[in-house]
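*Asks:* Please build the complete structure, drawing on both the sequences and the hints.
Spelled out, the chains give:
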Amino acid sequence: MSKQKPTSDDSKTRLTGAEIMWATLEGEGVREVFGYPGGAILPVYDALRKFPIRHILVRHEQGAVHMADGYARASGKVGVAIATSGPGATNMVTGIATAMLDSIPLVCITGQVGSKVLGSDAFQEVDITGITLPVTKHNYLVTRAEDVAPALREAFHIAQSGRPGPVLVDITKDAQQATAAFDFAAAAPEKVHVHPMLSVTQPAIAEAVELIRAAQRPVILAGHGIIQSGAMKQVVALAERAQIPVACTLLGLGGFPASHALNLGMMGMHGESWVNHSIQESDLLIALGMRFDDRVTGSLSTYAQKAKKIHIDIDPAEINKNVPVQVALTGDLAAVLDQLLPLVRPRDGAAWLRTIDRMKGDAAVLDIVNLPDNGHLYAAHVINDLWRATSGNAVIATDVGQHQMWEAQYYKHDSPRSLITSGGLGTMGFALPAAIGAKIACPQKEVWVIAGDGGFQMTCPELATIVQENLDLNIAIINNGYLGMIRQWQETFYDKNYQCAPIGSPDFVKLAEAFGIRAAAVRTRSEVMSTVAEARNHKGPFLINFLVEQEDTVYPMIAPGSALHEMIRRPSNNPLVER
Amino acid sequence: MQHTFVAYVEDKPGVLTRVASLFRRLNINISSVTVGGSERPGISRMTLVADAPEAAGHRIMASLYKLENVVQVDDVGRFSSVSRELALIKVATTPKTRSHIFELANVFRARVVDLAPGSLMIEITGSESKIEGLLQVLNENEDRVLEICRTGRMVMRRGHHTSRVLEALGDTESLGAKPPQASEIEEEHETDLT
Numbered sequence: 001m002s003k004q005k006p007t008s009d010d011s012k013t014r015l016t017g018a019e020i021m022w023a024t025l026e027g028e029g030v031r032e033v034f035g036y037p038g039g040a041i042l043p044v045y046d047a048l049r050k051f052p053i054r055h056i057l058v059r060h061e062q063g064a065v066h067m068a069d070g071y072a073r074a075s076g077k078v079g080v081a082i083a084t085s086g087p088g089a090t091n092m093v094t095g096i097a098t099a100m101l102d103s104i105p106l107v108c109i110t111g112q113v114g115s116k117v118l119g120s121d122a123f124q125e126v127d128i129t130g131i132t133l134p135v136t137k138h139n140y141l142v143t144r145a146e147d148v149a150p151a152l153r154e155a156f157h158i159a160q161s162g163r164p165g166p167v168l169v170d171i172t173k174d175a176q177q178a179t180a181a182f183d184f185a186a187a188a189p190e191k192v193h194v195h196p197m198l199s200v201t202q203p204a205i206a207e208a209v210e211l212i213r214a215a216q217r218p219v220i221l222a223g224h225g226i227i228q229s230g231a232m233k234q235v236v237a238l239a240e241r242a243q244i245p246v247a248c249t250l251l252g253l254g255g256f257p258a259s260h261a262l263n264l265g266m267m268g269m270h271g272e273s274w275v276n277h278s279i280q281e282s283d284l285l286i287a288l289g290m291r292f293d294d295r296v297t298g299s300l301s302t303y304a305q306k307a308k309k310i311h312i313d314i315d316p317a318e319i320n321k322n323v324p325v326q327v328a329l330t331g332d333l334a335a336v337l338d339q340l341l342p343l344v345r346p347r348d349g350a351a352w353l354r355t356i357d358r359m360k361g362d363a364a365v366l367d368i369v370n371l372p373d374n375g376h377l378y379a380a381h382v383i384n385d386l387w388r389a390t391s392g393n394a395v396i397a398t399d400v401g402q403h404q405m406w407e408a409q410y411y412k413h414d415s416p417r418s419l420i421t422s423g424g425l426g427t428m429g430f431a432l433p434a435a436i437g438a439k440i441a442c443p444q445k446e447v448w449v450i451a452g453d454g455g456f457q458m459t460c461p462e463l464a465t466i467v468q469e470n471l472d473l474n475i476a477i478i479n480n481g482y483l484g485m486i487r488q489w490q491e492t493f494y495d496k497n498y499q500c501a502p503i504g505s506p507d508f509v510k511l512a513e514a515f516g517i518r519a520a521a522v523r524t525r526s527e528v529m530s531t532v533a534e535a536r537n538h539k540g541p542f543l544i545n546f547l548v549e550q551e552d553t554v555y556p557m558i559a560p561g562s563a564l565h566e567m568i569r570r571p572s573n574n575p576l577v578e579r
Numbered sequence: 001m002q003h004t005f006v007a008y009v010e011d012k013p014g015v016l017t018r019v020a021s022l023f024r025r026l027n028i029n030i031s032s033v034t035v036g037g038s039e040r041p042g043i044s045r046m047t048l049v050a051d052a053p054e055a056a057g058h059r060i061m062a063s064l065y066k067l068e069n070v071v072q073v074d075d076v077g078r079f080s081s082v083s084r085e086l087a088l089i090k091v092a093t094t095p096k097t098r099s100h101i102f103e104l105a106n107v108f109r110a111r112v113v114d115l116a117p118g119s120l121m122i123e124i125t126g127s128e129s130k131i132e133g134l135l136q137v138l139n140e141n142e143d144r145v146l147e148i149c150r151t152g153r154m155v156m157r158r159g160h161h162t163s164r165v166l167e168a169l170g171d172t173e174s175l176g177a178k179p180p181q182a183s184e185i186e187e188e189h190e191t192d193l194t
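In the order they appear, the protein sequences are chains P and S. For the first sequence, this note's numbering assigns the number 1 to the initial residue and increments by one for each residue that follows. For the second sequence, this note's numbering assigns the number 1 to the initial residue and increments by one for each residue that follows.
For the record, the hints were derived by calculation from the structure and aren't laboratory data. Take every hint as true, because none was put in to throw you off.
Some residues of chain S that are not near chain P, with every Cβ distance over 12 Å (derived): (1) Met1; (2) Ser38; (3) Phe79; (4) Val82; (5) Ala92; (6) Thr94; (7) His100; (8) Asp114; (9) Ser119; (10) Glu123; (11) Gly133; (12) Leu135; (13) Val145; (14) Arg153; (15) Met154; (16) Met156.
The calculated lysine to aspartate or glutamate pairs, modelled on EDC-like cross-linking and capped at a C-alpha distance of 20 Å, are: (17) P:Lys321 to S:Asp51; (18) S:Lys66 to P:Glu190; (19) P:Lys360 to P:Glu281.
Simulated restraints on C-beta separations: (20) P:Phe184 to S:Pro13: 25 to 33 Å; (21) P:Lys191 to S:Ala55: 25 to 33 Å; (22) P:Pro189 to S:Ile148: 38 to 46 Å; (23) S:Ser32 to P:Pro324: 27 to 35 Å; (24) P:Thr302 to S:Ala55: 18 to 26 Å; (25) P:Glu534 to S:Ala55: 56 to 64 Å; (26) S:Pro117 to P:Pro189: 58 to 66 Å; (27) P:Lys191 to S:Ile148: 36 to 44 Å.
Even for Gly, the Cβ is constructed at its ideal location relative to N, Cα and C.
*Replies:* Now the structure itself:
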């Protein structure tokens, strides 16, 4: 990797490895990083003052990675997190795995003990490249100052190219301290690793066009790849021209406007019944930048049996992994759709759209937001009101569990990068740090955390980060006194044996105030809008503790192992719903 | 079914772990792996043999290519190819048994490469079935096999040059050459003793 030959004008550009690290970040366009200092990374922190980069001091390294992740998801840029060796590095692992499962471009930098003592169980030594091997797209161990810039530049390239993902660069302390010549341009990646199995052939395009032309009941499955590739316009064009309804995955929400007439809503385990029925009845699924995850397919043996499938994705390893497809086009989604679109003819989809409308039936009527105020406070009300109050324009970071699914159902996302959620790994504690990262990336945007009382307690020390960094973001805790999704599963599949599901919490209002954050509690539906307005008008962070119905359930629901159409529907005689 | 992959990988620390880790993650056992030099400087050649469902072949190959250090992968099991393995076998001997072991070695075109008072060492190269044939005969004769060291399968496709290999070698002339005709491809005889 050391291809920088010593030259006569070395003296001009000779920097320490630590300085090279910052200079390379600066060259890559990085303006903000998230991190936490420690012994093996101290040379890096010592050099920070010389560079125009803002460092956000976190309270836990997991938070640093989630912040970098939220930053990347909100902005489309590479997020950068920094930690020391040993425990600093291992604390990053959950964050890195979260980014890996959702294909988020990150560069994580860790300090490492000196290269002379590598492998000796030195103080705070851990084999972090070994530990993160299966949860990074690639990683590096850098032991020489001259390798810092090339490794980092390759890391930035790898993180963003193809299917994005996290890359870790582990830099030994002596490599940070030693000096080397620095030449940003010369450190550019030598080779560009392009997956040789990417294939978009004319016959395959023609076959896809013919399948679309002949389809009677087509459905577009809109995934995260639409947002990652920036293919929003192309997908709208395809849907409108061929009059094809669109179902979104959780991470695809916002990739196709929720308010668009052709948007069906979210598919899968907690998708609305008509969405899943449309997929099961479909004769052609056009999967765009999605991977047929088990949470969207239900049992594979019964999944969309009547449908032929076109799969467009950047990762050849996803083709035929879970669901066999007739046509595979592997490449960048926007580029593939640009090739496909001129060949797609307008078609009449009215009959199929009418059929889907009829499927909606009473599902919409049973919807909790349509019920009159009966004195109870439901999470669905809170989220629906948040959507109305923010005109759907806020960036929402959610945690994992019931509130996450209600958010997906009741907050209508019209624009990409407005929902930040851990879909693949399902990481509790993600929301608060991810929202901080999103706010740093997009200071002009309104940012809300929506978290449960369980997950919020996993990473709530980051409240101090909000205060220290003077961030203006709002927090909604959907507090039902339970690990709600655990309770829901125990209710449905474990005979209401609520083992370890009730969870105590501190008084979140007092907790917030202890951090110096304004806060209020909301117990009735009538208080929701006024308190949300107070939070929005307040200059500075604001936390609202929504004390919602304790034993509410997310409907519809597909039991694990069941078919996509075998949904547990909203009960009309829900004892919680006094009609 | 048994899959055989040839992978060209960068000759760097940790690359073997990355490749092995991929199979581990998919819960697929690697039956054998050989790694060594190739015609390209800085690039090692691996032959990987693994038992996996037939459909897994595509995913393994596509996943191997996702590793940054993997340069090229070939699913050679699908093509006519030459497969060889080298084995060193140490057999306990007495003055009485020594001569028939020499005979066996001759029949199998194997060589005796070490002779000690109580044992001798046989070096044998060939297909796996040939090596297993020798081991079977040794066992049937109640010769005590003390040690076996097998390299695992190494495989090269017959008459096959990818454009990439030729490009890497700077051989642009052969790039336009026709692929070998079926008649030129000699059948692999698994029981071939040569």
